[in-house]
Amino acid sequence: MSIPVIAIFGRPNVGKSTLFNRIAGTRISIVSNVPGTTRDWISLNVESDDNRFILIDTGGIDETPQEEISNEVSEVTKQVLKESDAIILVVDSKEGLNVLDSYAAQLARKSNKPCVLAINKVDNPNRMLGISEFYKLGLKKVVTLSAYHGNGVSDVMDEISKQLPLFNEKPEKSDSINVAIVGKPNVGKSSLFNSIIGEDRSIVNPIAGTTRDSIDTEIVFENKKINFIDTAGLRRRGSIEPGIEKYSVIRSIKSISRSDISLLVTDITEKISSQDSHIAGMIKDAGKGCIVIANKWDLNEELSLTQDDISNVTMDKLKFLNGSPIIFTSNVTKIGIETIFDKILEVYEEYNKTIHDDKIWTNIIDTISKHPPPSKGRSKIIIKNAFQKSTKPPTFEIKFQNGKLLHFTYKRYLENGLRKKFGLNGVPIKLDIK
Numbered sequence: 296m297s298i299p300v301i302a303i304f305g306r307p308n309v310g311k312s313t314l315f316n317r318i319a320g321t322r323i324s325i326v327s328n329v330p331g332t333t334r335d336w337i338s339l340n341v342e343s344d345d346n347r348f349i350l351i352d353t354g355g356i357d358e359t360p361q362e363e364i365s366n367e368v369s370e371v372t373k374q375v376l377k378e379s380d381a382i383i384l385v386v387d388s389k390e391g392l393n394v395l396d397s398y399a400a401q402l403a404r405k406s407n408k409p410c411v412l413a414i415n416k417v418d419n420p421n422r423m424l425g426i427s428e429f430y431k432l433g434l435k436k437v438v439t440l441s442a443y444h445g446n447g448v449s450d451v452m453d454e455i456s457k458q459l460p461l462f463n464e465k466p467e468k469s470d471s472i473n474v475a476i477v478g479k480p481n482v483g484k485s486s487l488f489n490s491i492i493g494e495d496r497s498i499v500n501p502i503a504g505t506t507r508d509s510i511d512t513e514i515v516f517e518n519k520k521i522n523f524i525d526t527a528g529l530r531r532r533g534s535i536e537p538g539i540e541k542y543s544v545i546r547s548i549k550s551i552s553r554s555d556i557s558l559l560v561t562d563i564t565e566k567i568s569s570q571d572s573h574i575a576g577m578i579k580d581a582g583k584g585c586i587v588i589a590n591k592w593d594l595n596e597e598l599s600l601t602q603d604d605i606s607n608v609t610m611d612k613l614k615f616l617n618g619s620p621i622i623f624t625s626n627v628t629k630i631g632i633e634t635i636f637d638k639i640l641e642v643y644e645e646y647n648k649t650i651h652d653d654k655i656w657t658n659i660i661d662t663i664s665k666h667p668p669p670s671k672g673r674s675k676i677i678i679k680n681a682f683q684k685s686t687k688p689p690t691f692e693i694k695f696q697n698g699k700l701l702h703f704t705y706k707r708y709l710e711n712g713l714r715k716k717f718g719l720n721g722v723p724i725k726l727d728i729k
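Our numbering applies: residue 296 is where the sequence shown begins, and numbers increase by one.
Among the hints, a few may not be true.
As a list, the in silico DSSO-like pairs of lysine-lysine whose alpha-carbon atoms are at most 27 Å apart [claimed, not checked]:
| id | residue 1 | residue 2 |
| --- | --- | --- |
| 1 | 699 | 729 |
| 2 | 648 | 579 |
| 3 | 579 | 436 |
| 4 | 648 | 665 |
| 5 | 679 | 665 |
| 6 | 648 | 629 |
| 7 | 579 | 725 |
| 8 | 520 | 566 |
If you're looking for bench data, these hints aren't it; they were derived computationally from the structure.
The task is simple: from the sequences and hints, build the whole structure.
Here it is in structure tokens:
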């Protein structure tokens, strides 16, 4: 089961980005008083109490004359609404009800998705006097708030969270290893997928972005079921064309969220780009295992590079991938295709690894003794307990006296100590410091 997607929707300058930043707890979207500042959507994985979801700040609707309302909302926004699991429709109490608000509400109703109407900029009691007109939009769940000041934001999340348990129920246990195939356009994902399964299920076309939807195929390798998720290419945000392409990006994010391992496909004829790093970051943030596929190895004669050369450059750019294995492949010569299966089983074993508490405690004590955490004044940071909480990914709880004083660099030091001792290559390690 994939993580639900919540879309923040509405016309320009109603405070969508401000609300997004309040929920996310950080200033990610560009906030200004110029309509249309968020020209592209931005997404973030969010954890709230027992709920996990992907939050999307959409670009919204451009201001146009009333007679052009039928063309008002881009195909992109329509597809985002179609693919989202719930919607937060934001309106502006200061400016009052707008014809664009009415059209946006109509789209929200037609989507048949759970929707909360967030009446924003209710900064003082006088603004409450004029909100009754927004009830004309016909949406049942209505919340007033001031995203700028933070008032009412928790009420919005409470209403949305009432819907999320429907999506966050624990999925039925599966004995399959779910593998997502991701990467920027034109790196050979569809051809790789076809080489893996041995039949042409995806459209193989040199035009970037021809794989519109995700296709799942389950195969058996060494008595293990592996479910491959062939995802659409992830484009640079600024270069995503209108329409179905942006919808495909959301599908790709969802595919990563329901995978155990992602195959990050790169092209050896191109330098590792910020786009490759961004996708790798998405995999890491989602807590998934990762295998880097250095594709198009058959073209290496033109480059005269060794595999070591490419590996060193790749991992230097993607240092945060935690020692992920690199496989050199060619969809022409089929080199490396069989190796993919072996590495999937190896990384999954690390992803699902359980380590005895005694060994964890010994490792943490040994790591701390080599480099004790610095004290803050009279407050000493003292280790009290350490154990593994869960797997997929390996998650460890470490209890300290004054643990809140630990710097993030020391947490990384502890993580490196665990990785050095227990391997866990290709998978993220989560530390819950108490």
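Hint-by-hint comparison with the structure:
At roughly 7 Å between alpha-carbon atoms, residue 699 and residue 729 fall within 27 Å of each other, so this suggested pair holds. Our distance criterion of 27 Å between C-alpha atoms is met by residue 648 and residue 579, whose separation comes to about 17 Å. Under the criterion of a C-alpha separation no larger than 27 Å, the hint pairing residue 579 with residue 436 is inconsistent with the structure, at around 35 Å. Under the criterion of a C-alpha separation no larger than 27 Å, the hint pairing residue 648 with residue 665 is consistent with the structure, at around 26 Å.
For a cut-off of 27 Å, the pair hint linking residue 679 to residue 665 stands: about 17 Å separates their Cα positions. Only pairs whose Cα atoms come within 27 Å are accepted, and residue 648 paired with residue 629 is rejected, the gap being roughly 31 Å. For the proposed pair residue 579 and residue 725, the alpha carbon gap of about 10 Å is at most 27 Å, so the pair holds. The straight-line distance between the Cα atoms of residue 520 and residue 566 is roughly 34 Å, outside the 27 Å bound, and the hint therefore fails.
In this structure, the hints that do not hold are numbers 3, 6, 8, in rising order.
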